[in-house]
Every structure is written in C-alpha cells, then in structure tokens.
Amino acid sequence: MTDAELFHSIIASLPEIVVVTGACILLILGQLVRKRQEHFLVAASVAVVLIAAFATLLLASEVRPAYSGMFIADRFAVFFKLVFYLATILTFLLSRKYADIEGIGSSEYYVLLLFALFGMMIMASATDLLSIYVGLELMVLCTYVLTGFLRRDRRSNEAALKYVILGAVSTGIFLYGVSLIYGLTGTTQLNAMAEAVTGDPLDPGLLLAVVFIVAGLVFKVGAVPFHMWVPDVYEGAPTTITAFMSVGPKAAGFAVILRVFLNPLVAASDVWILVAVIAVVTMALGSFVALVQDNFKRLLAYSSIAHAGFAIFGVVAGGQDGIASVMLYLLIYAFMNLGIFGAVIMMRNGDFSGEVINDYAGFAKSHPGLALLMLLYLFSLAGIPPTAGFFAKFYVLVALVERGFVLLAVIAVLLSAVAAYFYIRIVMVIYMREPERAFDPALTPMVRATLAFTALGTIGIGLFPAWFLGLAQQSAAGG
Amino acid sequence: MGFPLLSLILFTPAAGAAVLMFLRSDDAVRWTALVVTVLDLVLAIALLAGFDTTTHEMQFTETVPWVPALGITYALGVDGISALFVFLTALLGSVSVLASWVAIERKVKAFMVSLLSMQALMLGVFSALDLFLFYVCWEAMLIPMYLIIGVWGGDGRVYAAFKFFLYTLAGSLLFLIGVIALYFHGGETFDILALTAQDLPFRVQSWLFFAFLIAFAVKVPMVPVHTWLPDAHVQAPTAGSIILAGVLLKMGAYGFLRFSLPMLPEASVYFSPLMLALSALAIVYGGLLALAQDDLKKLVAYSSISHMGFVTMGIFALNIRGLEGGILQMFNHGVTTGALFLFVGLIYERTHTRSIADYGGLMKVAPVYTVFLALFTLSSMALPGTNSFVGELLVLSGGFAANLAVGAAAVLGATLGAAYLLGMYRRVALGPASVGARFKIRDVNAREMVAILPLAVFVLWVGLYPKPFLEIIDASVKHLLAEVHDEGSGR
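Just so you know, the sequences run in chain order A and B.
End of the first sequence = 524 in this note's numbering, gap-free, step of one.
End of the second sequence = 492 in this note's numbering, gap-free, step of one.
Derived from the structure by calculation, the hints contain no laboratory data.
Incorrect hints may have been included.
[Claimed, not checked] To list a few chain B residues with every Cβ distance to chain A over 10 Å, as calculated:
hint, residue
1, 28
2, 39
3, 47
4, 56
5, 63
6, 64
7, 78
8, 197
9, 202
10, 225
11, 293
12, 386
13, 419
14, 433
[Stated by the list, open to error] Distance windows between CB atoms, simulated:
hint, chain 1, residue 1, chain 2, residue 2, range
15, A, 96, B, 195, 43 to 53 Å
16, B, 188, A, 515, 17 to 27 Å
17, A, 199, B, 8, 57 to 67 Å
18, A, 449, B, 8, 32 to 42 Å
[Claimed, not checked] Using 25 Å as the maximum straight-line C-alpha spacing, the simulated SDA-like pairs for lysine to any residue come out as follows:
hint, chain 1, residue 1, chain 2, residue 2
19, B, 164, A, 417
20, B, 299, B, 357
21, B, 164, A, 480
22, B, 108, A, 414
23, B, 441, B, 106
24, A, 410, B, 163
25, B, 164, A, 333
26, B, 164, A, 402
27, B, 164, A, 330
28, B, 164, A, 456
29, A, 410, B, 28
30, A, 410, B, 156
31, B, 164, A, 463
32, B, 164, A, 407
33, B, 164, A, 340
34, A, 410, B, 164
35, A, 410, B, 22
36, B, 108, A, 479
37, B, 164, A, 466
38, B, 164, A, 474
39, A, 410, A, 490
40, B, 108, A, 415
Glycine included, C-beta positions come from ideal geometry on N, C-alpha and C.
Chain A on its own, in the form it takes in the complex (with noise of 0.2 Å):
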C-alpha cells in the first residue's frame, strides 16, 4: 500500500479511529474518575460517539473503499452505523441510573460498549470475509463481557458462559466456511468470490462454504435454528446490554447478512430456499414461544427473534426494495424496541424488578403518562398504525409481494398477528388489571430524554416515513 492509499484509507475509517481512540482514552481516564462523578463518564462516551458520527456524516458523500479492498465507506455502511449509534448512546443514557442501582458503575462497561460498537462499525464496512470475522468477534467478545457484567448475580454469569461456548461453536462453524471459500476461490474478498465462481452448476463445495457462513451469521441475530443462546442470555444479562444487544449487534448481524447474501455467488444458489425456510421458522417460533413467557425480558427475547425473522424476509425478498426493507425495519425496531426497554429499565429500582409482566399490574392508574409511552411502543411492535411499527413490517411485505412471494407475505401477516397476542397482552396488564403495589420508576432526566426520543421517533416515523423510506432506499443502493 503506498502512502496516499494509506492516507485515503485512515480517511476513510476515520469514525472507526474515533471510536477506539475514545475508547482507549476512557480506559485510562476511567481509572482516574471517583465515586459519584461517573456522570462525566457517560457525557465522555457520549461525545465520543456523537464526534464519531460527525465525522460519519462528513465522509457520507462519496464511496471509499479502503485497506486493498477489505473495508469500504459507502451510504450502505454510513446508515448502519447511524442505527449502532442511536443505539450506542442511548443505551448509555439508560445505563447511568441503572448502573448505579445494580453496582455496575465502572468505567469498564462505558468502554467495552465503545469497543462493541467499534466492532460493529468494522461490521457494517466490511468487504472481505477475514475483516468481516474481526469486526465480529471484537463484537461479541464485549458482549460476553457486558452479559456477565453482574458478577454477583447467578443468572448473569451463566448467560455469560453459556453466550461464551455456543457463540465460540458458532464463530468455529463462520471460519470453517471461510476457509473453504478460500481454499475453493482463492480468495476472501466478497467480490473476487462472485467472480471467481461463475460457471454453473454450483460447487457442492461452496455450497457447503455458504451453508456454514449463514448458520454463523444466523447465530448473531438469533434465527432458529441458532437462536437457543437468546432468552437465556437476555434474560440473565443487565437490562441495558439486553436493550444494547438487541438493537445493535442484531444490526450489525443484519449488515454482514445483506453484504453476503446479496452476493452474486449466495443470491444465485440454491441456499436461497434456506433462507426463506428460517424466515418462517424464525418467525414462528419466536411468535409462538412468547405466547407463554412471563418474564417480560424473555418475552421481549422471543419477540426479538421473531422480528429477526420478520425483517429475514427482507432478505428473502432481496433487491433493492428488499435490502431497504431490511435497514428500514432496523432503524424502526432500534426506537421501538429501545424505548420498550427503556421503560423496562426504569421499573428497575428498589425491590422491583421490572421483568415480571404481571408486577405491571394497573401501571396505567399510578402513571398515566407512561402507560401511554409503552402502549405507543407495544403496539409499535405489533405493527399497528400509525405506529411507525406499522410501516416497517409494510415495506418489508411490499418487497415481498412485488418479488411474487405472495404465500410468504401472508404467512408473515398471519404470524403477526399471533405476535401480536403478546404485545396487547402486556397493555391488558398495564391497563385493565387493578394495581396491587406503588410503583417507584427510577426515572432520570436521561431516562426520560431517552424515552421522550424513542417516542418521537416511533411515532414519527410513523406518520412521515417518507424521508426515512428515502434514506433507507438511497442507502441500499450503496454508493
């Protein structure tokens, strides 16, 4: 590489250098931070991150590929990394309170989020297999780290363990693929693979390679049939890193899923079926299981499978509607689920925990105000309008009907309409059951900010989603 294509590249990932630089500099710093001044610590992530998607939005103008083909700034890239943003910094505003409550308040949990985030952005860019697997595994090694962060609570340490093994099986499965790819092609790079392989028949070889590669990117965003990790950990982890992970690394999961798939060398093969298959069975089972939850942080677990599975069907439908389908349907989920959980969050304090779905009981007499903020965000999630909810699962269903996958678009709706069951389930107890304790949320000025913008956006996006649908559909065109 000379020096100006070094220069181009550093250009290029500036964000990402942002990010670790922070990081870095937070690690050191943390040490330093006393008691009761962790408040600086959260404004710093903060600012790391906001400085990060300045420079983001900066670079949006132009495509750059960057380190000899592994890594590439393009529109596709620059709206993930705005989701992993949003996500970023408001699980930070949720975490300040709630840290404080289960004693969690080091500086090494505002850092692993920062690394998790760098991964995730490494994620979203990259263009070659080898970069794809470090920008995972420095992903999901913070999050195995941040699903144990509460040591004294037995739960926590064996989700922790639990995430470590299967996520360390699925990672084994990811680079067996990888290295039958390359041993088949010759080469990692997402490109170079399409066009290396263009007689057809397809190799049964790469067709194995391919079968490998989706099951360890259906591992990350907790499809069936590798979705047995997830309300386990969910459940066991801190509130706040189950808001993170089901937001952020789910998309980041999504990212590599359409780079991948998207390849000639997927789209062309017969896995293709594969693909729809764990669509419907991801949906239904995630619909079906949280029929019988009771546990609110496991229901949400199963309710996140089965919206994984909903925006699958994105996948399914591929092309550019289908692919904008897909990063829609994340960007909407990033507000709703997060503001779900935000409120989940909030119960959080004293002696309540806020996971069990019939503590909620007549929330809606002593809180009016947010009663109405978590029916806005359940129905959001059931997909009723004009909750921007609504208009996710609308385009996903538009691209699915305009590709004439009209059967997979009913058994979608039909599905929904099961999930949503659940959703109203949780309004029922907050409405129309009598209250049985006080409740006491631990509602910060953070809380609140974070809960006030989940709304707005939820219902925003609702209302007005053309420009959203805009960004969505310049950004699945790529460059």
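Assemble the complex: chain A is given as a structure, and chain B must be docked to it using the hints.
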C-alpha cells in the same frame, strides 16, 4: 383544491382529543368533548348542505403527497355513499359523548380521548381516497376500540377485547396483503380512483376478492366470523356499543362498496351467489340466536348480525333497489341500533341488570322511556312509517329479483325479527310494574333526551320521507352499478 372541509371534519375530533389531554376536571373534559363533537356534526351538516347530488364524482377532494416513493398520498374526498356515513359518524359521535356522560365514572379523560380519536379515524376511513390512508385509519381504530372495551367494559371485558382485537387484526392483515397485491397489479398506485379504473384479470380479481372478503366479513360481521361481536357488544360500555354497531359494522359493508364491487367487478358478480347465501344465513341464524337471548344487549347484538345480513344481501343483489336499500339500511341500522344500545345503556345505568327477566312493566314507571323504546323497536322491526321499512323493502325487492330462495329466507328473517323484538318489548315494558318495586327508576332526563331526539327524528324522517337520503346516494349507486355490470358482464 378549495376549502379543506373534509380535513377540518377529520382533524376537529383529533385536535379535540389533543386538547382534552391538558384538561384537569372531568366536567371540563365532558363539555369539551361535547362541544367538539357537536362542532364536528355541524361541519358534517355543512358538508351535506354543500353536496352536489347530481354527480357521482368525488367531491371536496384534497390531495397532499405523503410517501411519494411508494405513491402514497393523503387524499380525501366523498361521494354520496361516503358523505352519508361521514354524517352518521358525526351524529353518533355526539350521541356517544352524551351516552357516556355519567356512565363513565373513572378515567373520564382517557375515555373521551379514545372516543374522539376513534371518531377521527372512522371519519378517515369514510373519506380516504388512498388505500394506504384507508388502511391506516381502518387498522388504527383497533387501539382506541380495544381500550374502550377493555378498560371501561363489563366483567368479561378483557376476553372480549382480546377477541375483538385478534379477529379484526387477523382479517385486516390479509386485507393488507390484498392491498399490496392490488398496488402491484394496478400500476403501483394507492389511488383508489385510479385502481377502480383498472381492469384486472379475473384470476387476480378472485384472489383479491377473498383477501378482502375476510377483512370485511369480520367487520360486518358475517356468519361464521361473527362470534367476536356479541362478546364485544355485551362487554363494551354504552358508547362503545353505539360506535361498534352504529359505525364500525358499517365499515365492512362500506369496504364491499368501495373496493370489492368497483375494483373487482367480475369476481363480485361471479361470487355474488355465495355472498347472497351467506347473507341469508346471517339473517336467519342471527334472528334465531336473538330469539334465544335473555340478555338485552346480547339480543340487540345478535339482531345486528341479522340486520347486517340484510345490508350485505342488498349489496350483493347487485341491482339498483338492492344497493340503495342496502346502503340506506346501513344508515338506518346505525341510527336504530345505536339508539337501542343507548336505551339498553340507560336502563342498565338505573338497574345494573341486563337480564330481560328482571324487567317488566317499565311502561308505568318510565313512560317516556318506553314510548321511545317502542319507536326504535318498531323501527328495528321495519314497521311501515319507520326508516327500516323503506330500506328493508328495497332490499327485499332487490333480493327477490336476484334470487327467490334468498329473498324468501330474508322474509323469514324479518318475521323472526318481529318475534324477538316484540317479545323483548312485551317483557320489558308491559305487564305489571315489577321493576318499579325493585329498582328506583326515574324517567329519561333532559340530557338523555337530547341524545335520543335526533335519532328519533331520523327514524321518522327516513321512514316518512326518504327521498333526500336516497337522492344523496342515488348518483353514486347508479355509477357503481354501471361499473359493476359493464365490466362484470364483459368477461
């Protein structure tokens, strides 16, 4: 685009709901809600006054781009059919506020907000000229209605609310797929008028017909997807029942008129025997079920199934008398059944029982109440001189013209109607005054009178002089029929 009267009608209740959020006292909430709905009613009357009955064209149209990338617009407009229902919605809106004046004691603000948002969305359904807008309003109504039933309803409200929600949602979601499929088959537009002008292949039409049928049949509701209705009606508070019976059930029938018939004419003609048979089934089956009820509200609820059977029969008779009768009957059913639910609510507030067996001799303790109850009962029975007579006669003559057996079934249903309604009235109002001894019953007060009177006026007005009402829909119906038969027979 002239003065945005339709938007004003739509946004008046919506803005009212927003204002209510900031009010503190329950009385202020009630009065504001009343003022808002009355204002909305005045606007709706202005709409009818300015309505040109000589044309079938959409009037008071407004178009603003909404999501240009997908061809979605905020497009409003009314023809004769929708104008009538915009008016009905506004009318029943005021009545509902009055009906819940004292019946709703807790969370008055939240209730009125739900009621007003409900009204805005219903008006949106009737005036939307964009499929997407239509669908959003159609579906969003689930939220306030779910809350109205589930929070302020009776003892089994949670179950009823769930059932209502899931039935309608499952039906509507398939409709959504139909809408999207129509979008791609009809040249990537959601413009209802442009889609109406499209000529789709028969195969596509029949698929879409069934996708739409499921959604509309649930809303109407047609047998066999009617089972949510008695639960929802019985559990809902009075205002909820009035809205459900008066407006919500009309939406399914309106869907047939606005989408199935004009957009899928060949399929509509082809499947009309099926629809007629289902209607006849609903008429007779609903009547039999009503005959067996002891609960006043259930009786009215099941009678609705029967009456809505007349509506769908009129529509799918696919002739001018049937269609005009069906549409008029939609309006009539809204007025009459809305009033009957109001009356059930009034007496329930006083006695806290809905079992017919608990009543008797109401005539002696509440004469005014029973006189008006008689009027609406007779109207529901379609006695000459009342509104339903005109509608039912038209439907029957249209039904007989379409199919003899179906017409005969409808006559049987009408007889059943006389049986259960007269039986109900006898057991409630006549006989020795047993209720007077058990409950302290006062007659209707001035506020309740204000709610009742306009409905009574329409019962007699339509019954004695239906011409203005038929005039409003006439041009649109003729145009609709021409559309169905020109294209429907061209296969």
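25 Å limit on alpha-carbon distance, applied to hinted pair residue 108 of chain B and residue 415 of chain A
15 Å, holds
Is the Cα-Cα distance between residue 410 of chain A and residue 156 of chain B 25 Å or less?
Since the Cα atoms of residue 410 of chain A and residue 156 of chain B sit roughly 18 Å apart, the hinted pair holds (cutoff 25 Å).
Minimum Cβ separation between residue 47 of chain B and chain A greater than 10 Å?
27 Å, holds
Distance restraint hint 17 to 27 Å, applied to the beta-carbon atoms of residue 188 of chain B and residue 515 of chain A
21 Å, holds
A cut-off of 10 Å on Cβ-Cβ distance, and residue 197 of chain B was said to be off the interface with chain A. Does that hold?
20 Å, holds
Does residue 164 of chain B pair with residue 333 of chain A here, judged by a C-alpha cut-off of 25 Å?
OK: residue 164 of chain B and residue 333 of chain A at ~17 Å, within 25 Å.
Taking 25 Å as the top limit, are the C-alpha atoms of residue 164 of chain B and residue 456 of chain A close enough?
This hinted pair holds, its Cα atoms lying about 21 Å apart.
Cβ separation of residue 96 of chain A and residue 195 of chain B, checked against the hinted range 43 to 53 Å
49 Å, holds
Holds or violated: are the alpha carbons of residue 410 of chain A and residue 163 of chain B at most 25 Å from each other?
20 Å, holds
Would the pair residue 164 of chain B and residue 417 of chain A pass a check requiring their Cα atoms to be no farther apart than 25 Å?
Status holds; Cα separation ~22 Å.
Does residue 56 of chain B sit more than 10 Å from chain A, CB to CB?
32 Å, holds
Regarding the assertion that residue 63 of chain B does not contact chain A, is the least Cβ-Cβ distance greater than 10 Å?
17 Å, holds
Comparing the model with each numbered hint stated earlier shows that all of them hold.
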